[in-house]
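Enquirer: Chain by chain, the residues run as shown.
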Amino acid sequence: MALALFTIVAIFTLGGAVGVVATRNVVHAALFLLLSLLGAAGAYLLLFAEFLALVQVLIYGGAVTIVVLFAVMLTRSSEYPRITDNKQWPLGLITATVLAVVLGAAFWLAPDVAAEPQAPAFTELGAALFTKWALPFEIASLVLLVALIGAIIIARTQTVTAQADTPAEGEG
Amino acid sequence: MPLAFLIPVFSFAACPLIILFQRWLPLRGAPLAILAIGGGFVVWALTTVSFLGAAPENPACAVSGITGALTCHFSTSWFEAGLPGVAATVDQAIHLDWGIIIDPLTVVLLGLITFVALGVQLYSLEYMKGDPRFGWYFAWQALFVAAMLTLALADNFLLLYIAWELVGLCSYLLIGFWFENPGPREAAKKAFVVTRIGDVGLLVGILLLWVNVGSFSMTDAFAAAASGELGSGVTTAAAILLLLGAMGKSAQFPFHVWLPDAMEGPTPVSALIHAATMVIAGVYLVARAYPIFAASPEAMMIVAIVGLITALGAATIALVSTDLKRILAYSTVSHLGLMMLSLGAFGWTAAVFHLMAHGFAKALLFLGAGSVMHGVGAHGDVDIRRVGGLRRAMPVTAVVFSIGALSLGGIPILSGFWSKDEILIAVEHNLPVIFIVLTMLTAFLSALYMARAMFVVFFGAEGEDSHHAHESPLLMTGVMSVLAVLAVGFGWIAFNWPGAFGGIGGFVFYDHAEKFHFNYVLGALSIILAVGAFVLAWLVYVRRSVSHEPWRVRFAGVLRVVERRYYVDEAYQWSIDRVVLTVSAALAFFDRAVVNDVAVNGPADVVRKAGVALRLHVTGHVYTYALAVALGVIGLAIFWWLRSV
Amino acid sequence: MANFDQVSLLLLVLVPLAGAALAMFLPKDRPRDAWQFAIFVAAISFVLSVVVFLRYDYGAGGVQMVRSYDWIGQPVNITLHFGLNGIGAPLVLLNGIVLLGAVLISQTITRRTRDFFVLLLALGAGVFGVFVVRDLFFLFFFYELAVLPMYLLIGVWGSSTDFGTFLRTKEYGAMKLMLMLVAGSILIWVGILALYVASSQAGDPTFNIDKLAALQQDGAVSRLTQMWVFPFFALGFGVLAGLWPFHTWSPDGHVAAPTGVSMLHAGVLMKLGAFGIIQVGMILTPQGAEVWMPVLIGLGTVNVIYGAISALSQNDLKYVIGYSSVSHMGYVLMGIATLHPVGLAGAVLQMFSHGIMTALMFAMVGAIYERAHIRDSMILNGLIKRMGTTTFFFAIAGLASLGLPGLSGFIAEFMVFTGAFRTYLPLAVLGVIGAAITAVYILRLLARSFFGEGDPQWDHLTDASPVEKGVGAAFVLILIAVGVWPAPLLRVINTGVESALAVF
Amino acid sequence: MVPLLYFQLLGAALFGIGFYGVLARRSAVLIVLSIELMLNAVNINLIAAASYLNGTGRFAAFDGQIIAIFVITVAAAEVGLAFAIILRMYRNRGTVNVDEINLLKW
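Chains A, B, C and D supply the protein sequences, listed in that same order.
Read in order, the letters of the first sequence are residues 1 to 172 in this note's numbering.
Read in order, the letters of the second sequence are residues 1 to 645 in this note's numbering.
Read in order, the letters of the third sequence are residues 1 to 504 in this note's numbering.
Read in order, the letters of the fourth sequence are residues 1 to 106 in this note's numbering.
Calculated from the structure, these hints are not laboratory results.
Note that the structure is a prediction, hence the values are computed from the model and not measured.
Some clues are possibly wrong.
[Unchecked claim] Distance condition first, Cα-Cα at most 20 Å in a straight line; then the derived SDA-like pairs of lysine to any residue:
{"hint": "1", "chain 1": "D", "residue 1": "Lys105", "chain 2": "D", "residue 2": "Arg93"}
{"hint": "2", "chain 1": "C", "residue 1": "Lys385", "chain 2": "C", "residue 2": "Asp463"}
{"hint": "3", "chain 1": "C", "residue 1": "Lys469", "chain 2": "C", "residue 2": "Met378"}
{"hint": "4", "chain 1": "C", "residue 1": "Lys385", "chain 2": "C", "residue 2": "Pro466"}
{"hint": "5", "chain 1": "A", "residue 1": "Lys132", "chain 2": "D", "residue 2": "Phe70"}
{"hint": "6", "chain 1": "C", "residue 1": "Lys385", "chain 2": "C", "residue 2": "Pro294"}
{"hint": "7", "chain 1": "C", "residue 1": "Lys469", "chain 2": "B", "residue 2": "Leu20"}
{"hint": "8", "chain 1": "C", "residue 1": "Lys211", "chain 2": "C", "residue 2": "Gly73"}
{"hint": "9", "chain 1": "C", "residue 1": "Lys385", "chain 2": "B", "residue 2": "Leu20"}
{"hint": "10", "chain 1": "C", "residue 1": "Lys211", "chain 2": "C", "residue 2": "Tyr69"}
{"hint": "11", "chain 1": "C", "residue 1": "Lys385", "chain 2": "C", "residue 2": "Ala395"}
{"hint": "12", "chain 1": "B", "residue 1": "Lys609", "chain 2": "D", "residue 2": "Arg93"}
{"hint": "13", "chain 1": "D", "residue 1": "Lys105", "chain 2": "B", "residue 2": "Leu20"}
{"hint": "14", "chain 1": "A", "residue 1": "Lys87", "chain 2": "B", "residue 2": "Asn181"}
{"hint": "15", "chain 1": "C", "residue 1": "Lys211", "chain 2": "C", "residue 2": "Thr225"}
{"hint": "16", "chain 1": "D", "residue 1": "Lys105", "chain 2": "A", "residue 2": "Asn86"}
{"hint": "17", "chain 1": "A", "residue 1": "Lys87", "chain 2": "D", "residue 2": "Phe70"}
{"hint": "18", "chain 1": "C", "residue 1": "Lys469", "chain 2": "B", "residue 2": "Pro16"}
{"hint": "19", "chain 1": "D", "residue 1": "Lys105", "chain 2": "A", "residue 2": "Gln88"}
{"hint": "20", "chain 1": "C", "residue 1": "Lys385", "chain 2": "B", "residue 2": "Asn181"}
{"hint": "21", "chain 1": "D", "residue 1": "Lys105", "chain 2": "B", "residue 2": "Asn181"}
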């Protein structure tokens, strides 16, 4: 029974991934990404990591996909429909498969674990988050803050200091 | 006696003084030079007196077993090189010192040099008057005389070599004295280079002797050579190498090309250097190092052959050349050949005697030529065809020149006859018959060209240039007449005069005193040849009754070859232009193109090209970098995996 | 005076170095002051070098005025160890003289004068250092200090000449000189490390020359190591000494360098290489030296003949002197390679005398170039009319270089031939022939450019300035003095030779 | 009963596909999406390993999940910044196509 569920989840995840990578249309790619992320959430459920699945769906499913769609709209340029792969794709395919095979081999050759998946009590997770992992937690918040400000500054439309930003003609 | 080293020192001191204080010295320093050489002459006279008189008691003097002559030896240490505080052995160190040797040969030679140099310098006062570099002329004259005297006095080969080179330098400076025009410049360079080639042989010879004998001193070398300790191979090699040096300086056959060109220099220079003193350095070297030559018969034969070839060849060229100074130059070469021949024929006394006689006579002839030039006003060279019948315009010069010519021609009772006669005796006595025949021919030819020169210039028909000729001033004619007296009277010292003095043979000899004896057959024969030559020349050039046209036509080919000086000059020039310059140009190109561009710039270019090739991987596309990252990761993964397994 | 001996060698290196450092603070816009300050420093170091030379007691010989300052402690133990031996003393004197001469001659440097003198004094300090230091690490340190400023000196103040068929810019000259010398120094560094490793295997790792020599003596350094270490030293130092295949940097460097720099370069820097071969190659790896010496003397003879013949057909005055330096360094290499006391003494004397005569020649050519702005001997003609004194000094230097007796060149060359004759007779004969060829190209040069009939276009030339005349006269006096009375110099060299050859 | 290996292989496959996306896609937007895939692959592996190895004490389950949370945080920040850069790139160069952005070309 669990194996069946696993295969469904695997199909969803990998199918979504292949979709992202293979579609001609950017919007389809974004939607395929959503599909793949939900597949991953399913996998978390199989591993009894319900909170993670929820977080996954909430953040990835919601926020990240929306941002992607925004980006697609803002950078809508004429050649979207004709997106093709760059001329290096055969080499990329080979390298990616070799990489995957190497990773798989590593896992394959690692000593097998016979244990069953167990779910930790949710309370332990909460406690650990604020005791053992308190410092990384604070740093994570800092990362988010920096990313926030950075994104704003970089993507700001040139209203106030238009001259300063564009590179002066001389410097070329 | 020990003060003999002062003779060269006076002139050595005079030279820098003149160079530095030219402007403030009277007559720009000329009297200083003359004073120095005069002092040298006085000291020479004193040395001779004390040498003849109280020499045997002097501790420094002893009768040398090899040369059989009384030799006095004085030396002071100069410097040591190699391991300090060690005796001078071939493997440890060399000890060099300044030493002088006084024996009959030196005394006689010093006399000749100081006397002729004094005469020439007095003569030059008049001849060089008004020359812009008057002071420099006397500076170089003083340096030359000093170097020549040191050469005559040197007791070790190294000091001899040093003086040898300095003499070469002075001849370079004096030949090229008027360096503005190209003629003297090229002649000076040619003289220095050709003698320098000879000096290579000399230096190698000296070093060869040092390697085998262990020291540079001549006495040790002679002892080793005479006692056979040196081994015949080394002795012959050393003798031939020394001969090579002598041939360079005394203008023997392959190296004679520079002497005729040396006439570009002022005439008093030619008189002093290229007649009386410098050119005899080679003969002096062979005479001084005679024990080495005597120890190897092959070397003696080579010396004789070289001497004969030079004498005969130069005599023929002298006969056909038209410029007065060139004739005298070739005659000098020819007479030097005779001296070498006599040395090769064990005629040591004869060679030294002829050296003296020729020195005085040739100096006289050159000064005569100078006075002709001075009188006619042709500063360059004097073409004898254009200058004829000068006896009326320049009576004293004519008389004096003729005496010189007659003496060298071998007319009896003059000094030339006696010394040439001695040589004939030596050659006839010790060398195969072919030598004596060719020597007789040379004697005849030398009489002929001397007569030709004399008659054409002074007694023949008037030439174009001889109209406004005028007699030279008293100073010049005075010096010439003194030399003329010597040219006449000098020969008589050969006889065994009553009293202790046993003729030249008794004083200057090699390992046994030779009493003078007159070989009547040879004497008569040489008189006939000489007088015949003069009569023939008189008929051809003065009376014009016998013409040499038919001979000139029949032997046209031979004549052209002789006129072109056997193409020796052209051969040298060709070898220089074709061989030496092309080789050096090729080498310079090789150096720049191969060693520099290929071997040195080559690696630099390879590095640069590699840099250009490696640069291409920066394509600017993000994905190529991602690919590179991926390959790196895969590589590392595999590498660690292999290490861990 | 005893404590002066202690500190004299340190002072010898410190004075020019401190002078270079202080010169940086001079005002930039007053070249005269920079020049005068440099003269002041050079004069002090000259006096010091003379005092050191005189204080060297040739009776006792060996290494004197020893003083060492510890630098890095136990595991590496590098000490700044000063000591002067018989071979170093005359070269210290040579450097004092040539440095003072070069600074005086550089009166005509107007652009960035201050920086020029900073580099020149640093170079002088480096050369002093190499001659007096007894520690391999610091020998290499001062060697680099002597070589690196050359790049800037030639690159900035040099002169480019277009020879029609090929172009020699100053950058090319500087770059080539620098790269080849640094490549050479890498070889030396490999050698030094090999010795260091050998000494550490033998118990006490050290860079000190005396300790290494002692170690070598009691067999600690195996014959095989010495066999392969010596070529590294010979080639590494040989590049700087102008050894045949690696000589091309020297003529090109000369052509591009300004006068003062090429005086120091040919006068002293090339001697560094030869000194290195003796000090490091022969003393520390004697068995290796014995095996490789035939190769070195062969190359030395090639140097002599090759330099002389290619100088014959050079047109540019500086190229002729450059190739003649290569030829004369050939004599030095031959002298060293004979391993014969007289030959080696001849080599050291040749280093001294060639240093003086080349410096004099470059000074005079510099004077000519300063006025005529051309060095092509085919075009220059009749210089004696306008530049009498310069011609006189150049002629004396030329005659010294062709080995005229009475000048120092002859004594040195003669001793080298004597030594070479004892060991390798045919090569010595080739050397003598090389001397004859030298006479040819020197006289051709004198006849063509100096004694010609005088071309109207050179009538504007003025004779050498009083400073140049002074330096010229001093150098000529030295050449004549050493030529006539070499004993004072040779006494010191003989002790150096004795200690150098004691090992064989 | 699904062994841990399957999840790990799933993660590896997802990572490979994501990586291919980065190498092969021309549009910068899609490259960012592919990076998201790779990050998810990492998460799957993390959580799978954590839950399977929970008892062995070395790697408690919640540790894995907390790290996963941090990965997600970073991913979110990264997406934000990535698209800001892409926006700026679009404004300057008028295209998002990675092929045409090669100012750093040799």
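Enquirer: Determine for every hint whether it applies to the structure shown.
Expert: A quick look at each hint next to the structure:
Taking the CA atoms of Lys105/D and Arg93/D, the gap is near 15 Å; set against the 20 Å cutoff, the hint holds. With a C-alpha separation of about 9 Å, the suggested pairing of Lys385/C with Asp463/C holds against the 20 Å cut-off. Taken as a hint, the Lys469/C and Met378/C pair is broken in the structure, with Cα atoms around 25 Å apart against an allowance of 20 Å. As the CA atoms of Lys385/C and Pro466/C are separated by approximately 18 Å, the hinted pair is consistent with the 20 Å bound.
For the hint pairing Lys132/A with Phe70/D, the CA-to-CA distance comes to about 14 Å; that is within 20 Å, so the pair holds. Simply put, Lys385/C and Pro294/C have alpha-carbon atoms about 48 Å apart, too far for the 20 Å limit, and the pair is violated. For the proposed pair Lys469/C and Leu20/B, the alpha carbon gap of about 14 Å is at most 20 Å, so the pair holds. Simply put, Lys211/C and Gly73/C have alpha-carbon atoms about 16 Å apart, close enough for the 20 Å limit, and the pair holds.
Distance check on the hinted pair: Lys385/C and Leu20/B sit about 18 Å apart at the alpha-carbon level, within 20 Å; holds. Only pairs whose Cα atoms come within 20 Å are accepted, and Lys211/C paired with Tyr69/C is accepted, the gap being roughly 16 Å. Restraint check for Lys385/C and Ala395/C: the C-alpha separation of about 14 Å stays at or below 20 Å, so the hint holds. Taking the CA atoms of Lys609/B and Arg93/D, the gap is about 34 Å. The hint is violated against a cut of 20 Å.
A C-alpha spacing of about 73 Å is found between Lys105/D and Leu20/B, which places the hinted pair above 20 Å, so the restraint is violated. Of the supplied pair hints, the one linking Lys87/A and Asn181/B is violated, its CA atoms being roughly 81 Å apart against a limit of 20 Å. Simply put, Lys211/C and Thr225/C have alpha-carbon atoms about 17 Å apart, close enough for the 20 Å limit, and the pair holds. In summary, the hint linking Lys105/D to Asn86/A is supported, as the alpha carbons are separated by about 17 Å, within the 20 Å threshold.
Taking the CA atoms of Lys87/A and Phe70/D, the gap is near 35 Å; set against the 20 Å cutoff, the hint is violated. Under the criterion of a C-alpha separation no larger than 20 Å, the hint pairing Lys469/C with Pro16/B is consistent with the structure, at around 18 Å. Note on Lys105/D and Gln88/A: the hinted pairing holds, with a Cα-Cα distance of about 16 Å set against a maximum of 20 Å. Restraint check for Lys385/C and Asn181/B: the C-alpha separation of about 13 Å stays at or below 20 Å, so the hint holds.
The suggested pairing of Lys105/D with Asn181/B is violated, with an alpha-carbon distance near 68 Å, which exceeds 20 Å.
Violated hints, in rising order: 3, 6, 12, 13, 14, 17, 21; the structure is consistent with all others.
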